[in-house]
Amino acid sequence: MSATAAAPRRKAIMHAWGPDVLQALYRVAAVVLLAIVLAFLSKAFLSWGNILNVLRQASLLFLIASGLTLVILTAGLDLSVGANLGLSAGVAAAVMQATGSPVLGSLTALGCGALIGFGNGSMVAGLRIPPFIATYGMLWVCSGLTYYFMGGGAIYGFPAGFRTLGTGYLFGVPVPIYAMVGFLVIGTIITRRTTFGQDIFTIGANAVAARLSGIPVRRRLIAVYTISGAMAGLAAIVYLARVNSAEAGIGEPLLLPAIAAVLIGGTSLFGGIGSLFGTVVGALLLTLVLNGMNLLSIDANWQPFATGAIVLIALLIDTVTRRHSERRA
Amino acid sequence: MILLITGFASVRPAFLSLPNITNIGLQSAILLIIALPQTMIILSEGIDISMGAVLSLGGVVLAMVLVTGGPVYLAFLAALGAAVGFGAINGVLVCLVGMPAFVVTLGTFGMAQGIAEVLTDGNVVVGLPAGFEAFYAARPLGIPVPILIAAAAYLVAHGLLYHTRFGTYVFAIGGNREALVLSGVHARWYHFGIYALGGVFVGVASLLLTARMNSGHPTVAIGMEFDAIAAVALGGTSFERGEGWLLGTLLGVLVIGILRNGLDLLMVPSSLQGVSIGILVIATMMLDRWGGRRS
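Chains W and S, in that order, are what the protein sequence lines are. Each step along the first sequence adds one to the number in our numbering, with nothing skipped, and position 29 is 29. Each step along the second sequence adds one to the number in our numbering, with nothing skipped, and position 244 is 244.
Hints are computed from structural coordinates only; laboratory data are not their basis. Careful, some of the hints might be misleading.
Here are the in silico distance ranges between beta carbons for each label pair [what the hints assert, rightly or not]: (1) W:94 <-> S:22: 34 to 44 Å; (2) W:317 <-> S:88: 15 to 25 Å; (3) S:158 <-> W:51: 58 to 68 Å; (4) S:127 <-> W:245: 28 to 38 Å; (5) W:270 <-> S:270: 31 to 41 Å; (6) W:245 <-> S:159: 46 to 56 Å; (7) W:208 <-> S:268: 36 to 46 Å; (8) S:73 <-> W:181: 52 to 62 Å.
Examples of chain S residues toward chain W, derived with CB under 10 Å [to be verified]: (9) 47; (10) 218; (11) 273; (12) 285; (13) 289.
Here a beta-carbon is modelled for each residue, glycine too, at the ideal position from N, C-alpha and C.
The following block holds chain W by itself, in its conformation from the complex (with noise of 0.2 Å):
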């Protein structure tokens, strides 16, 4: 048992491991360019703030595809990220402004994000819908009960101490940031070096091979979800204490965004391969490449074309290099 149990899992950690470092150096390299190429383009780039500014809305965006990336390696997808941040924002915003509590507003955030994760997770992994239509399903319920909830109005003016998570610094570097390191040493570790981790990589390399070496993939499944769900409240926590006001519709122009941070970091959408490192690059990436078309003022309005197109260009390659990798094996 323990023999059958082992090659599967070697081998999704080989595949996660060796020509992943190559892959990550290439984007490391990709943002470097990028940005050599900004402070060519436009003076203000170079600034202090301006990279600071990078950095603090690549770490939201970070937040969000942290838990997408988990459960993208498991072959699955959470089209509800963006809408649960809503919902979650929205619900959490309420409960502060009546408490006048920040720590209930945060842990009905995370909660409220859990909640919705553990629906989608109890969907995909006990119902057996498939993860984009349950999902899918998922946006249209949140991002409703949000709009009922908020109607046409915003919730806006939270507590000092609050914002210092959005928009406080510590050493002179926004907060942001230390939550983005911190999550991505957590999630590493937790990724590389537990059971739980090395079992997302065998459910999304193989779910068969992983239930019959004996994997509770239903519960993982459902564990996976509900993280995703939590980081999206996660986020939420901090996107409210940075922009000071929560109203419907904010979340949904996030997903577009979060996939193509997960995608870019070279976490294949068909399970197994990726890195929450490659996410940390990927959201870096495609923050750049947003921030350099705000400096060169080109129309805001292109921004969702350029996601949109990013993300296909991203799918394009994970596509062709598994193909080809197939074809060698």
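For chain W, the structure is supplied; the task is to place chain S on it using the hints.
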């Protein structure tokens, strides 16, 4: 559906009045036109999330050509071109390159939305020629034009799906693609054709949409793809087995039309209507699973 009708009729007698029934038909016409190709796409184990955004884009293009004084046929051709273009992009990436449909169409969703917003700078295109609206309200033989067009679209889709080789292949691409390829059929091109055909239907729908609103709005139809997918799911078409039927989609469209109309009469806000449709879809999928497991 009968349950829904009797339920709404007992609470609100106005529900069964002739004007209201016509109203449901009018509201459902555009949805049906995009739900038909969505059925074929889902039958082929795909999905098209970009439809709502492309529909909005088509409407914007149509309105802009009309506002600049272009003739209606030219405006329609431009909208049709935009929609078929996006259908073809989806088709190339999904069918010829082999990329997963839901992420491809999510990407093209963003691109279409972006183009619509760049074209309009986020504003509504108004000032359409006076006569344009009239054709939407016209009633040859006492039947509103949108319902006629939707009926024609249904007949075309039915004919294609059940009386041509293309239709047989649509079912086979979803049900057993390998057998199809092994029997020497260029399945990829037929598969591509499904997405391109989707563009044609969306182009036609954009004509009705623009006429109904008498303007071009860059994001108005976003979310309609969800109603279309919901209608297909409610109609009993499977997402992964190549099984389903077009009549089911028609029924699904009517259920959604009746549900939204009835909830409107009950003063339920449209945000909660979306929630109820989402829950209805998930419930249908659950029943489908349990039914499937038993058989």
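For this session: Could you tell me which of the numbered hints above are not met by this structure, giving the numbers in increasing order?
Result: none
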